[in-house]
Structure formats: structure tokens, C-alpha cells
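> Since chain A is already given, all that's left is putting chain B on it; use the hints.
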Amino acid sequence: MKHSLVSLFAVVAVLGAQGVQAETLRLLTWGGYAPEEVIAMFEAETGHTVEVTTSNNEEMIAKLRATNGGGFDLAQPSQDRITSAQEEFGIYKPIDMSRVTADLFIPSMLSATAANTTYEGEVYGLPHVWGTSGLVVNTAMAGEVTDYTDLCDPSLTGKVSYRLKRPTLIGFAYSMGLDPFAAYGDTDAYQGILDEVEAMLTECKAIVRTYWDGGDEIKNLLRSGEVVASMAWDTGGWQLNADNPDITFVAPEAGALGWIDTFVLPARGRADDAAYDWINFVMQPEIAAMITNTAGNFTAAVDGDAGVSADLKARYQGSFDQAAIDNIKWYPPVPAGLEALEGATLDRINAAN
Amino acid sequence: MASDTSRLGFYLLLAPILLWLVVLIILPHIGLFVVSISEKIGPREYETGFGNYATFFGEPLYWRTFARTAIMSIAATALTLILGFPIAYYIAKLTRGRTKTTLFLMCMIPFWVSELVRTFGWMILLRETGVLSNFLQYLGLVNGPVEMLYNDAAIMVGLVYTSILFMVVPLVTTLDSLDDSLIEAGYDLGGSSAAVMREIVIPHAMPGIVSGCIVVFMLSLGNYLTPILLGGKDSLWFTGMIYTQFITRFNWELGSAFGFLLLALSSLVVFLGLKLSGRSLSETMGRS
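Heads up: the protein sequence lines correspond to chains A and B, in order.
The first sequence maps to residues 502 to 854 in this note's numbering.
The second sequence maps to residues 61 to 348 in this note's numbering.
One or more hints might be untrue.
[To be verified] Below are the DSSO-like pairs computed for lysine-lysine, each with C-alpha atoms no more than 30 Å apart in a straight line:
(1) A:Lys594 with A:Lys666
(2) A:Lys830 with A:Lys706
(3) A:Lys830 with A:Lys666
(4) A:Lys564 with A:Lys666
(5) A:Lys564 with A:Lys594
(6) A:Lys830 with A:Lys594
(7) A:Lys666 with A:Lys706
(8) A:Lys564 with B:Lys100
(9) A:Lys564 with B:Lys293
(10) A:Lys706 with B:Lys293
(11) B:Lys160 with A:Lys666
(12) A:Lys830 with A:Lys814
(13) A:Lys814 with A:Lys666
(14) A:Lys564 with A:Lys830
(15) B:Lys100 with A:Lys594
(16) A:Lys666 with B:Lys293
(17) A:Lys830 with B:Lys293
[Unchecked claim] Under 7 Å between C-beta atoms, here's a sample of chain B residues computed to sit facing chain A:
(18) Thr65
(19) Pro103
(20) Glu107
(21) Leu121
(22) Lys293
(23) Ile307
(24) Thr308
(25) Arg309
Since the hints were made in silico from the structure, they are not lab data.
Note that the Cβ used here is the ideal one computed from N, Cα and C, for glycine as well.
Just chain A, with the same shape it has in the complex:
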């Protein structure tokens, strides 16, 4: 009797301890940001379990909006999409910096992201993975494409593809000598820029083969040679470069567009402990290198590039010299309501004949 009572206590104690420590982390992230091997290492080290859902910026915000910030414990939207989503929908909760090992982050990126994701005095985002979008070009067939507007050259009719999304508007605006980020705060000036870009893209429509939607679609188009120049992400270009040395990512003369994907805590997340554990775990240099090797993009971890494969480093250096890095246009936070203007412009381009 006594013996069984003791063992019962032991069982209760163990269960109780597990209830406190081991949690399920529901992670809403991008493909490649949570590789299987990293998850296995994390689960072995902390006892937490991880459930991954892959998504993109817009779907992340839509998913969290649908549940008022519930259903996930950690999400990874880009830093420019945090304050406006917080202002409109209130789907995040502030980061408790005392629980984050700040030494693991490159200080300049940590402070820049903090500044960009501050809403009403609270910081909502930590930097994780960064990269750019620019041009992916088959240099053997369209070597003359070095800027966004070069995609509209009539000699490339039917051989060009880009997305009908906001990065395209912004890239073309820079290429046309305009400065859309400077006009973010001024609705009238921004509308003026959008109108100029709209005229350009409407004219360009005859050149375009199709507007691509998914990363796999554009990779197929480039790999098959049906498209020789496109606007796309750097990683896509580097992946294709591994298969076909002619295809690579080109940083446009007007500047590649730089994004930083972050860590944010959804407002009604239930496993904050696991979330902070995950953040501190994946920002360790060797883990960050593993993520870079699968995702293809570099991280904000100190020394995170040390363990990255030599091939990827070579491709990165081939696309970016120091001047190109200095010329990257980093997305500032999108003011709430700006997407409505851009949406109307994109609709008109889509409808134009």
C-alpha cells in the first residue's frame, strides 16, 4: 500500500513536471526555416515538440487574423508587415527581451528590427532570416538584363515573368528613378509613383509570358528555358544556378529589395516558453548555419555564416559585391492602408489589355 502510494506520487510528480516544462510549439513559418534535423535536435535537447506549418506573409497574417492571434505559438512574418498588422488587427504580443539571448543576434540587425517593429512603445519582432528579391536571369540568353525595367525590352517578348505583387511595383519604381520608400508616409506622393509604375507595367504586359504565383512555378519556367529573365528571390536564382550555371541571381542596378523575416509571438499563443527556447536555440551559430544551408538565405545570428556550405557562399558573393550590398533597399514598415492603394493599381494592371 505504502509502496504504491509512493509510486503514485512519483507518477504525479513526473507528469506535473512535464506539464510545466515540455510544451508543443506550433510554429508558423516559411519552407526551409525549420529543417527536420534542427527540430529533432531541439526536441531532444528541450523535450518540447514542434509542429510546423509553412506559409507566406499574407497567409500568416490572414491565419492569425482569423483566430485573433490564436492557433500558433510563434510566427515569422517579414519585419515590414508587423506594425500595420498589429495596428489593424492586434494579433501579436510584445517580445520580452529579458528572455532572449541578445548576444546571439548581430547587434545592428537586432536594433534595426526592433526599431521597425515598435508599436506604441513595445518591440514585437526579432530578426531571423534575411534575403533579397531582384532579378533571376539566364545570362547566356538575356545577359543584357541588369535592372527591373530591362524586363520590358521588346526583344524579350514572351520570355519574361514576374509576380503581380507589391515588390514588383517597388522594384520598378526604383528602376524608374523614383523613391517609393521615401513616399511611404505621403499618400499623394505614393499614389503619383504608383500611377507612373502602372503606366510602365501596363505597357510591359505584352512582353510578359505569365505572372507567376509560386516559387516552384517560376523555377520551372526558368529551368525549361521558357522564361529567360524574371523578378524573383535570390535563393531561387542560387538553387537554379546549382543545376544550370547560366542561370543566377542578379542584384539590379537600382538595388535589390531587402527583407528580414522575424520571430513574433501571436497574441493568444499558449507556449511562450517553448517559443523563447526555439528562438534561443536556432540562433546558435551552428544551428543558424544548418538553416541557411536548407533555406538558402543567411540569418541574423552572430557567426551564423561560418558553417555555411562553400557553394552557397560563392553564389552569394557572385551576386553581391560590396556596392550591391550597400545598395540593398531594405523594406521599411508598411503604413496601414497603403496596400489598398497598391491593390487598386495591381487590379488595373491586371485588367488592362
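Positioned in the frame of chain A, the structure of chain B alone reads:
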């Protein structure tokens, strides 16, 4: 006592369908309607009004896409009927036993994989570096590669292919129930093939035709994958617009209004279709 038990049984049997209707159909639509009549005036500020519906009618792009989607869905339905009827007639009337089962099975096999896989299959066939283009070049019928993807014809092919089973199944069922002796009698009385078809087979198959058409029309109108993947830069589809409003524009209010308009459109077209064919909904649904 006995009537109490049977009444209990009645309610128990009714409960699942009531739950289904209320929880999965009526409640979401009420929610959708409430969202669709709220207009956004600032961050987290909304007021009630029909502004979203006004936006739809004020912007030519929206209602043109709406009309385009409806017309193309009707065309896809007609095409599916024209292609599906001979198939169904052959299976139901001209084959017996094993052959019949085999043919029926062959119609169904493509549906064992998901719609996404079927659509990707068509992309592999139709693209410029794809199977069909290479085959035509091999035969010497064309000189260079031909692009057959990214246009409205590709969407049509995809829509017909994805929905033809839903036309063939009800048609086979109704044609099966037609007694062969009636057809024979038609010929005995001196009717031509066309007359027999017009006077005997088609009137008998009408419930199957109407219910097949309703299902195919609904599937085409509400299809998202096929038009997005196979369509080109001018090929807009209304469901794609609803997705855009909800996901990329964060404009749930306008998206909900679009959803409601699509519901109204499909109900209207089905109603008109039933009126034109002179049938009632209960008759159609009851017999097929």
C-alpha cells in the same frame, strides 16, 4: 408512448442534417453577410453599410470578371454535356457486364488523384517544352515550339476534364433506367435515329442532364486551382479575386461581399436553368 418513441427517433434522425445545415452552412453565411456589410473607415473602425457592394458595381474590373467567370462556366458546362453524353450513352446502352464496369472505372481513375495533380498533368502536356508541343514538332506539323498553356482554352480543357465525371455518373444512372424496348419501339414505329434521340432518350435523360449540369456548373464557377494554374495574364477568375481580397489585401469585407455575390449568381443561374428546362429542383434531385 409509441408515438413518443417514434417522435424521438424522428428528431434523432433529423439532428445530423440540422446540425450540418445550421453549423456548416447557415451560421457561416450569416457571419459572411455581417462582415460583408461592414465598411472599414480606419484601423479597427468599422461602420455598417453596403459600400462593399457599391465598390463591386463601381469597378468595371470586378463585374467584368464576374460576368466572364459566369459565361465561361456555362460554356464549360455545355462542353462537358456534349462530351459526356456520348460517353454515358455508350456505357449505359451499348456495353454489357465487364466492359461496362471497366469503362466506368476508366472514367473514374483520374479522380483517384487530387485535382492539383491532374492540373499539373495538364501543365506538363500543354507547356511550350511539354509533351504535346514536342509531339507536334516530331510529326513535323509545326516548325517551332508552341505554347498552349496560359490562355482561356487551357482553362476550358482543365475545367471540362475536372468535372466530366460529375456529368457522366448521373447520365449513366438515368440512361440505365431507360428500357431498351422503348428505343426499339421507336425504331419499329419508323422513327429515325435523330427522332428517337430527341423524342425518347433525351426526355428520359433530362433529370440526369439537369442535375449533371448543375453540379458541373457549380464546380466550374467555384473552381480556384484550374483557372489560376492554367490561365494566363488576362485570365481572371472570380474565385481568384475573392482569394486576393481575403489574403493579400486583408480586405475581408470586400471579399465577403464578393462571396455573397457569387452565391447569388450561382443560385440565379441554376434557377434560370431549371426554368428553361421546365423542371423543378425537387424533381431533378429526387430522380437522379
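> Now tell me if each hint is right for this structure.
Quick rundown of the hints versus the structure:
no.	hint	verdict
1	A:Lys594 with A:Lys666	holds (28 Å)
2	A:Lys830 with A:Lys706	holds (25 Å)
3	A:Lys830 with A:Lys666	holds (17 Å)
4	A:Lys564 with A:Lys666	holds (19 Å)
5	A:Lys564 with A:Lys594	holds (16 Å)
6	A:Lys830 with A:Lys594	holds (28 Å)
7	A:Lys666 with A:Lys706	holds (14 Å)
8	A:Lys564 with B:Lys100	holds (20 Å)
9	A:Lys564 with B:Lys293	holds (28 Å)
10	A:Lys706 with B:Lys293	holds (8 Å)
11	B:Lys160 with A:Lys666	violated (50 Å)
12	A:Lys830 with A:Lys814	holds (21 Å)
13	A:Lys814 with A:Lys666	holds (29 Å)
14	A:Lys564 with A:Lys830	holds (28 Å)
15	B:Lys100 with A:Lys594	holds (24 Å)
16	A:Lys666 with B:Lys293	holds (13 Å)
17	A:Lys830 with B:Lys293	holds (28 Å)
18	Thr65	violated (43 Å)
19	Pro103	holds (5 Å)
20	Glu107	violated (16 Å)
21	Leu121	holds (4 Å)
22	Lys293	holds (5 Å)
23	Ile307	holds (5 Å)
24	Thr308	holds (5 Å)
25	Arg309	holds (5 Å)
Checked against the numbered hints given earlier, the structure breaks hints 11, 18 and 20 and satisfies all the rest.
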